[in-house]
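Protein chains: 2
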Amino acid sequence: MRLSRYFLPVLKETPSEAQIVSHRLMLRAGMIKQASAGNYSWLPLGYKVLQNIERIVHEEQKRAGHIPILMPTLQSADLWRESGRYDAYGPEMLRMQDRHGRDMLYGPTNEEMVTDIFRAHVGSYKDLPLTLYHIQWKFRDEIRPRFGVMRGREFLMKDGYNFDLTKEDALHAYNRHLVSYLRTYERMGLQAIPMRADSGPIGGDDTHEFLVLAETGESEVFYDSEITDLKFGDRDIDYDSVEQCQGVLEEFTSRYARTDETHDEELFNQIPEERRRVARGIEVGQIFYFGTKYSEPMGATVTDREGNQVPVHMGSHGIGVSRLVGALIEANHDDKGIIWPEGVTPFHCGIVNVKQGDAEADAACEDLYKALSAAGLEPLYDDREDRAGAKFATMDLIGLPWRITVGPRGLKNGVVEVTSRRTGESEELAPEAAVARIREIYGV
Amino acid sequence: MRLSRYFLPVLKETPSEAQIVSHRLMLRAGMIKQASAGNYSWLPLGYKVLQNIERIVHEEQKRAGHIPILMPTLQSADLWRESGRYDAYGPEMLRMQDRHGRDMLYGPTNEEMVTDIFRAHVGSYKDLPLTLYHIQWKFRDEIRPRFGVMRGREFLMKDGYNFDLTKEDALHAYNRHLVSYLRTYERMGLQAIPMRADSGPIGGDDTHEFLVLAETGESEVFYDSEITDLKFGDRDIDYDSVEQCQGVLEEFTSRYARTDETHDEELFNQIPEERRRVARGIEVGQIFYFGTKYSEPMGATVTDREGNQVPVHMGSHGIGVSRLVGALIEANHDDKGIIWPEGVTPFHCGIVNVKQGDAEADAACEDLYKALSAAGLEPLYDDREDRAGAKFATMDLIGLPWRITVGPRGLKNGVVEVTSRRTGESEELAPEAAVARIREIYGV
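Chains R and V, in that order, give the protein sequences. Position one of the first sequence corresponds to residue 1 (the numbering used here), numbered consecutively onward. Position one of the second sequence corresponds to residue 1 (the numbering used here), numbered consecutively onward.
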């Protein structure tokens with residue numbers, strides 16, 4: 001993309017309404033604009049990051065054998081009356097009536113609706129196991145929306161639902177989700193720690209939240225420092241293997257890690273003192289096993305091997321897609337701006353022409369732009385008539401992990417400069433070598 | 001995808017509530033499930049087609065230089081009060097209040113919100129031209145929703161908005177949209193004819209609707225038969241070229257083609273009688289030029305070359321993404337089921353194992369499955385224990401354009417069968433040649 005043809009409305013001043021760094025940087029970098037309290041429009045740069053996160057979530061869900069669907073944002077109140085949650089849910093549920101006076105609501109979650117799909121179409125244990133998921137906008141009428149997309153009202157979430165014949169099978173689905181979540185977050189360059197949590201309005205026995213450590217996190221967390229040394233890495237997991245998934249769960253959850261909701265001081269104090277950590281975390285996902293809590297009242301049953309009608313065992317599993325954009329920034333920034341991990345960056349690299357209008361510099365930039373694009377990469381080329389300093393500041397603010405700087409002086413020596421946003425280190429390379437370097441980084 | 005691990009709830013019986021063929025076939029093929037009146041969940045097969053259409057629309061929008069953003073589904077009533085449309089819009093607008101009693105609405109369109117983004121961030125003619133678009137769910141509270149996704153209440157739409165300094169520039173944006181729409185529909189295997197239309201609640205002077213001819217269309221259309229011979233084809237269009245875009249517009253709109261709203265009997269009768277056609281059509285898109293209708297009341301101005309503040313000239317341009325799924329089926333089906341055009345098919349081909357459990361047939365199917373997947377194609381392999389006839393009926397119903405049939409008898413002669421869903425014609429080929437044939441069809 002050529003910046004002269006893009007829409008990147010960066011702000012010079014720090015917006016006063018933003019209390020946390022991710023909100024400030026998203027506004028300054030022209031990623032979002034508030035549409036109304038807690039509701040945001042995603043401007044081009046922000047939307048690209050959101051789409052990258054969405055793509056990774058889809059890919060990892062499908063890898064785990066989960067099947068994508070899409071349920072509507074608005075739901076009929078009738079389904080929620082069946083489960084008993086229509087009256088139980090508080091004022092965070094946005095309710096409305098259509099022109100015929102029928103009660104509707106903007107879905108904050110989809111247990112009822114997906115159970116209704118299941119009961120209409122599945123009747124036999126032979127069709128199990130089944131996990132359906134979608135990535136769809138939800139609404140939660142926060143009394144005091146704040147922190148930008150981290151605690152907005154309309155938010156994008158992946159929610160998945162497993163249907164299994166037995167509790168044992170459903171616990172495998174739980175474990176499988178835990179494994180695939182670890183992999184999902186790592187691909188985004190995030191360490192998200194599974195912590196024993198409280199089940200809240202979803203209900204159920206087993207639940208883990210995934211937390212990203214960050215000073216601005218809304219939850220206080222308590223953990224054994226050994227847990228931050230764990231890496232999921234490039235393991236070749238068979239998601240059908242009960243043993244493999246169980247093994248990963250044990251590895252990642254056997255050490256103490258809890259949010260303040262479930263914190264147990266006595267257990268915590270059994271960790272050697274030098275490994276005890278108290279910090280803050282941002283919740284970016286949660287998994288639940290809740291058995292027959294919805295299938296029983298809603299009649300979601302299957303015939304088992306012996307011909308009996310039994311309610312299915314279920315769980316639900318969420319990833320906060322729009323919130324992750326904020327969490328990523330909280331975990332990856334410095335005082336100049338954002339530092340995107342390569343896995344989610346909106347553009348693979350920036351090209352800064354320090355002397356726009358200089359024939360040689362312009363031509364070199366064009367060549368780099370074309371070579372990178374031909375390799376399947378998306379560079380952002382700052383081709384505007386502007387001071388080099390202003391161009392550097394913009395690139396630093398929007399956080400592209402790599403920058404190629406092109407100027408007449410370097411070109412005289414046959415080189416351009418490749419700079420890492422994270423370390424600030426630069427390397428002088430011939431233009432072709434610069435392209436090869438960026439391709440190598442992204443493995444294309 | 002292996003059918004034994006997929007969720008494809010096909011129905012044996014024709015649902016009685018469905019009045020038109022696309023609605024019937026979408027229910028029977030397990031593509032959608034009604035969630036409430038006029039609101040649908042997209043089941044796996046339907047969601048795949050929806051995503052394919054969305055992808056094509058994104059690709060063609062970006063090719064035309066338009067920039068993707070994403071605005072929220074819910075909007076504040078305040079913006080609509082500024083434009084004067086809050087009171088003017090009828091009961092099709094779904095209105096609600098949040099917990100603080102603030103008036104909100106589920107956006108039926110986004111002229112106000114995008115104008116608000118523009119006025120907040122753009123101040124100079126130097127930042128023009130600019131076209132922002134998004135693909136987002138909308139809501140229209142139809143008094144009597146029907147025809148499935150063709151006239152649902154929650155629907156997915158691409159809406160784009162151009163901002164230009166002059167009327168002339170805005171008319172180029174209008175033409176550019178017309179060209180890119182022609183290309184978009186053709187890639188989906190659809191002929192959509194631009195017809196002079198009425199501007200309705202969007203307002204404005206110039207507007208064309210794009211209509212797909214189909215017996216079940218809601219509009220009566222009148223046209224010169226020469227228009228159906230026009231093909232956009234594989235033209236290499238420069239979207240920046242005023243002349244080229246104007247040329248395409250003239251080519252595709254100079255012949256008579258109007259909906260009943262703008263039909264002019266006198267003009268129509270000037271066409272030679274043998275070329276006069278009266279038919280029915282489904283609207284799948286519309287483009288508008290409306291000048292300063294929103295920019296003036298909302299203060300969306302820029303500084304022009306002379307330093308004057310002038311309101312920008314705008315237009316808006318929509319493609320009915322979810323409705324296209326229905327329109328595609330209306331235009332592509334027979335009495336056995338759907339016939340997907342290759343551009344949007346949910347799976348590139350089906351593999352039918354006529355004797356599941358036969359070692360040789362199973363192995364041949366596995367090999368085909370792996371070879372096609374390795375080529376980047378997505379086959380749907382019916383690996384269930386079921387009669388061959390039932391498997392064929394399912395493949396015909398869900399409409400994959402190509403089927404490979406594998407059975408012990410053919411394998412004895414070293415062949416499998418490749419069948420076209422559209423023509424019914426079959427070819428016997430060695431398995432490797434069958435893979436090559438499918439790859440050739442999709443150009444991979």
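Please note: incorrect hints may appear among the correct ones.
A pair holds if it fits inside one copy or across any two, identical chains being indistinguishable in the list.
Stated by the list, open to error - Once the Cα atoms are required to be at most 25 Å apart in a straight line, the calculated DMTMM-like pairs of lysine to aspartate or glutamate come out as:
1) Lys167 <-> Glu186
2) Lys62 <-> Glu342
3) Lys126 <-> Asp103
4) Lys12 <-> Glu266
5) Lys138 <-> Glu54
6) Lys355 <-> Asp224
7) Lys12 <-> Asp304
8) Lys126 <-> Asp386
9) Lys48 <-> Asp334
10) Lys33 <-> Asp127
11) Lys167 <-> Glu82
12) Lys370 <-> Asp236
13) Lys355 <-> Glu306
14) Lys48 <-> Asp206
15) Lys126 <-> Glu366
16) Lys412 <-> Glu360
No lab work stands behind these hints, which were simulated from the structure alone. Bear in mind the structure is a predicted one, so any value in this text is a computation, not a measurement.
Evaluated hints:
1. In the homo-oligomer, the alpha carbons of Lys167 and Glu186 never lie at most 25 Å apart, since the shortest distance is 29 Å inside one protomer and 50 Å across protomers.
2. When the C-alpha separation of Lys62 and Glu342 is checked against a cutoff of 25 Å, the pair qualifies both within a copy, at 22 Å, and between copies, at 23 Å.
3. Proximity of Lys126 to Asp103 under the C-alpha cut-off of 25 Å is found in neither arrangement, the shortest distances being 36 Å within a copy and 49 Å between copies.
4. Taking the shortest Cα distances, Lys12 and Glu266 never come within 25 Å of each other, neither inside one copy (50 Å) nor across copies (60 Å).
5. Taking the shortest alpha-carbon separations for Lys138 and Glu54, both the intra-copy value of 15 Å and the inter-copy value of 20 Å come in at or below 25 Å.
6. Neither within a single protomer nor between protomers do Lys355 and Asp224 lie at most 25 Å apart by alpha-carbon distance, with minima of 52 Å and 56 Å respectively.
7. Taking the shortest alpha-carbon separations for Lys12 and Asp304, only the inter-copy value of 23 Å comes in at or below 25 Å, while the best intra-copy value is 64 Å.
8. In this assembly of identical chains, Lys126 and Asp386 lie within 25 Å of each other by CA distance solely across copies; the values are 13 Å between and 65 Å within a copy.
9. Taking CA atoms no more than 25 Å apart as the test, Lys48 paired with Asp334 passes inside one copy only; the shortest distance there is 21 Å, against 40 Å between copies.
10. Taking the closest pair of Cα atoms, Lys33 and Asp127 come within 25 Å of each other only across two copies (18 Å); inside a single copy the shortest separation is 45 Å, beyond that limit.
11. Taking identical chains as interchangeable, the C-alpha atoms of Lys167 and Glu82 lie at most 25 Å apart only when both belong to the same chain, with a minimum of 23 Å there against 56 Å between chains.
12. In this assembly of identical chains, the alpha carbons of Lys370 and Asp236 lie at most 25 Å apart only when taken from different copies (19 Å versus 36 Å within one copy).
13. In this assembly of identical chains, Lys355 and Glu306 lie within 25 Å of each other by CA distance neither inside one copy nor across copies; the values are 78 Å within and 27 Å between.
14. With identical chains, the CA atoms of Lys48 and Asp206 are never at most 25 Å apart, being 35 Å at best within one copy and 32 Å at best between copies.
15. With identical chains, the CA atoms of Lys126 and Glu366 are at most 25 Å apart between copies only, with a shortest distance of 22 Å across copies and 58 Å within one.
16. Taking CA atoms no more than 25 Å apart as the test, Lys412 paired with Glu360 passes inside one copy only; the shortest distance there is 9 Å, against 66 Å between copies.
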